[in-house]
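2 protein chains.
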Amino acid sequence: MKNPGSYFLSLVKQVEDRGIRYSFESEENLRRLSGTKKHQGVVFDIQEYRYSSVEEILESKTPPLIVILDQIQDPHNLGAIVRTSVGAGANGIIIPKDKSVKVTETVVKVSAGTVFRAKIAIVTNLARTIEELKERGVWVYASDVNGTPIYEEDFTLPTAFVFGNEGEGIRRLVKEKCDRVLTIPMENDIDSLNVSVSVGIVLFEAVRQRRMKRAE
Amino acid sequence: MKNPGSYFLSLVKQVEDRGIRYSFESEENLRRLSGTKKHQGVVFDIQEYRYSSVEEILESKTPPLIVILDQIQDPHNLGAIVRTSVGAGANGIIIPKDKSVKVTETVVKVSAGTVFRAKIAIVTNLARTIEELKERGVWVYASDVNGTPIYEEDFTLPTAFVFGNEGEGIRRLVKEKCDRVLTIPMENDIDSLNVSVSVGIVLFEAVRQRRMKRAE
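Read top to bottom, the protein sequences are chains C and B. Residue numbers for the first sequence follow UniProt numbering, beginning at 1 and rising by one. Residue numbers for the second sequence follow UniProt numbering, beginning at 1 and rising by one.
By construction, these hints were calculated from the structure, which means they are not laboratory data. Quantities reported herein were computed from a predicted structural model and do not represent experimental measurements. Hints may contain errors.
[Claimed, not checked] Taking lysine-lysine pairs in the DSS-like style, the calculated list, with each CA pair at most 30 Å apart, reads: (1) B:Lys102 - B:Lys38; (2) C:Lys38 - B:Lys13; (3) C:Lys213 - B:Lys213; (4) C:Lys102 - B:Lys38; (5) C:Lys134 - C:Lys61; (6) B:Lys213 - C:Lys38; (7) B:Lys99 - C:Lys37; (8) B:Lys97 - C:Lys38; (9) C:Lys102 - B:Lys109; (10) C:Lys38 - C:Lys61; (11) B:Lys102 - C:Lys37; (12) C:Lys99 - B:Lys109; (13) B:Lys134 - C:Lys38; (14) B:Lys99 - B:Lys37; (15) B:Lys99 - B:Lys177; (16) B:Lys175 - C:Lys109; (17) B:Lys175 - C:Lys102; (18) C:Lys38 - C:Lys13; (19) B:Lys99 - B:Lys134; (20) C:Lys37 - B:Lys109; (21) B:Lys99 - C:Lys109; (22) B:Lys102 - C:Lys99; (23) B:Lys109 - C:Lys109; (24) C:Lys38 - B:Lys102; (25) C:Lys109 - C:Lys99; (26) C:Lys109 - B:Lys37; (27) B:Lys109 - C:Lys38; (28) C:Lys109 - B:Lys38; (29) B:Lys37 - C:Lys99; (30) B:Lys37 - B:Lys109.
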């Protein structure tokens, strides 16, 4: 931030333009309201995060491009994945109700605020959701080891990618529901990357293929 | 880790095979030696990290694929970038002496140990190093906003990618030395991603192009 002064003036203007109430508070109050010393000088009181339905995610773009996260637990990873998904123009992110990080303050912050432009659905049974997506004509790929190289699949069709958590990968019952296993081809005996990096590589391979197809 | 018992037995065997001295220590000692409660039951006394020279990085692969990081400060980012670079088979990473995170314990851990297989060079003057790389026939791309889409450049030639830090991007004097500016094409008015995600997308686009070329 090169000139915080002008940044704050523009922020105040935007807030006024939208008719949002605001006040200037002491450093002590900012710290108390944000719950951290590492705030950035502004505290915004958001409503509870509004999750989407799988239906809303499916409807928002054709052909769909969907990210499914099987029990990701690190809010930094979820935040980075949300930001990447919004940047890639993906329809949304599906996470399971159990053992998955939800939208927390850290997710909001790491996502650089993009979480409010993302559609995120929470489902009870990920395996069943995958079945439903397949019935709706979506190709569901598990991103894991020993699969087809990502450059050899066609992601211009309706596509969902499943990513597992760092420690355990995708659960067996979830993986079995997928149409196919995909792998980022790697050297030096590396078998996995940070999950947010993997999501970026796979999603933008889909972006590339769809751009090429539109340009044909 | 599904069976820590057998994992530790195999670790002890590997350590014995290599003639490395080892001892079993109390939880208290492990905590003291590792400096954290969040250790994983093993402490390894490494020598000081051995950095490489730019020459060693250039020599290790033809055509070179090099990552240049302009003042990255977060060790989590550097760790994830090291892991991704090793996975992509890049030659190495070049970082400036000033205002850049170096190889710390966090970097080692986040890199999942791949830092010991990576070549990392520290240089005094990044702009001058870029000049030298160009003289050696390497195409140097700045990854930033408002550049050519990454899918429209040829990365099968000797290539180096420069990434800036999250807050400020690439410094002007460094950017000016680059041959061209590259951009990951994004939707929804997103202008940047987490730097480790960007490195993954750009490096694996080079991997894809090189695979396609070899397959021709």
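Comparing the hints with the structure gives:
no., hint, result
1, B:Lys102 - B:Lys38, "holds (22 Å)"
2, C:Lys38 - B:Lys13, "violated (45 Å)"
3, C:Lys213 - B:Lys213, "holds (20 Å)"
4, C:Lys102 - B:Lys38, "holds (23 Å)"
5, C:Lys134 - C:Lys61, "holds (16 Å)"
6, B:Lys213 - C:Lys38, "violated (48 Å)"
7, B:Lys99 - C:Lys37, "holds (23 Å)"
8, B:Lys97 - C:Lys38, "holds (27 Å)"
9, C:Lys102 - B:Lys109, "holds (25 Å)"
10, C:Lys38 - C:Lys61, "violated (37 Å)"
11, B:Lys102 - C:Lys37, "holds (26 Å)"
12, C:Lys99 - B:Lys109, "holds (24 Å)"
13, B:Lys134 - C:Lys38, "violated (41 Å)"
14, B:Lys99 - B:Lys37, "holds (29 Å)"
15, B:Lys99 - B:Lys177, "holds (19 Å)"
16, B:Lys175 - C:Lys109, "holds (28 Å)"
17, B:Lys175 - C:Lys102, "violated (38 Å)"
18, C:Lys38 - C:Lys13, "holds (24 Å)"
19, B:Lys99 - B:Lys134, "holds (24 Å)"
20, C:Lys37 - B:Lys109, "holds (26 Å)"
21, B:Lys99 - C:Lys109, "holds (24 Å)"
22, B:Lys102 - C:Lys99, "violated (34 Å)"
23, B:Lys109 - C:Lys109, "holds (23 Å)"
24, C:Lys38 - B:Lys102, "holds (23 Å)"
25, C:Lys109 - C:Lys99, "holds (21 Å)"
26, C:Lys109 - B:Lys37, "holds (26 Å)"
27, B:Lys109 - C:Lys38, "holds (24 Å)"
28, C:Lys109 - B:Lys38, "holds (24 Å)"
29, B:Lys37 - C:Lys99, "holds (23 Å)"
30, B:Lys37 - B:Lys109, "holds (14 Å)"
When each numbered hint is compared with the structure, violations occur for hints 2, 6, 10, 13, 17, 22.
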